[in-house]
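Peer 1: Residue-level listing of the chains:
There are 2 protein chains.
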Amino acid sequence: MTEKLSEETRQTVLKPLFDTGWQMTEGRDAIHKTFEFANFVEAFGWMTQAAIWAEKWDHHPEWDNVYKTVNVTLTTHDVDGLSTLDAKLARKMDGIAKSMKD
Amino acid sequence: MTEKLSEETRQTVLKPLFDTGWQMTEGRDAIHKTFEFANFVEAFGWMTQAAIWAEKWDHHPEWDNVYKTVNVTLTTHDVDGLSTLDAKLARKMDGIAKSMKD
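Chains as they are written, first to last, in the working numbering: chain A, 1 to 102; chain B, 1 to 102.
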């Protein structure tokens, strides 16, 4: 069962994500980040990898794409706020983006 | 060279798209449509097919996805408005969605 991040664990889990560019979303218990790629193929390729993980974990992003830019918002509707699943998917998204630059 | 849709061709080209659910976007010379699928796999699968055509034609959508819903906006930045490329991609998107239901 997914649980909402407690006040105690919140900073520990979210701080490393804030360091990579994730931000709290105004007016929602959610995090968001803008990913920029070299072109559409890289942007959509990244989305495709992220989509497979999202489906595997049954935890899906809100995201939009315009050419080489992807804006992602993560939250957990079942708990009406951030859960460890959001942090897990955020870390995976960062990891995929990093792997594409290596 | 892509050209902006002329007043004469505009109705001929756009009318069939309005009939399938495309709408003019307020405040922009653009069209938009919301596609609903059975689940995330179908929604992202549809996006993936559309993405390959978009890249092939070097004409990319503005789109967002939340689980099984995809909102698409099409316009041609090079001509600051709608061109035949938008109509072509819109028809392709409709066609892919239709093929998935067959």
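FYI, nobody ran anything at the bench for these hints, they're computed from the structure. By construction, the Cβ of each residue, glycine as well, lies at the ideal position given by its N, Cα and C atoms. Treat the hints loosely; a few may be bogus.
[To be verified] Part of the chain B face toward chain A, derived, beta carbon under 8 Å:
(1) A38
(2) T48
(3) E55
(4) W57
(5) H60
(6) W63
(7) Y67
(8) I96
[To be verified] Calculated cross-link-like contacts (lysine to aspartate or glutamate; reagent style EDC-like; alpha-carbon spacing at most 20 Å):
(9) A/K4 to A/E42
(10) A/K68 to B/E8
(11) A/K92 to A/E26
(12) B/K68 to A/D19
[To be verified] Rough simulated footprint, nothing fancy, chain B against chain A, three-plus residues with beta-carbon under 8 Å:
(13) 36 to 46
(14) 64 to 76
Peer 1: Checking each numbered hint in turn, tell me which of them this model violates, lowest number first.
Peer 2: Of the numbered hints, 1, 4, 8, 9, 10, 11 and 12 do not hold.
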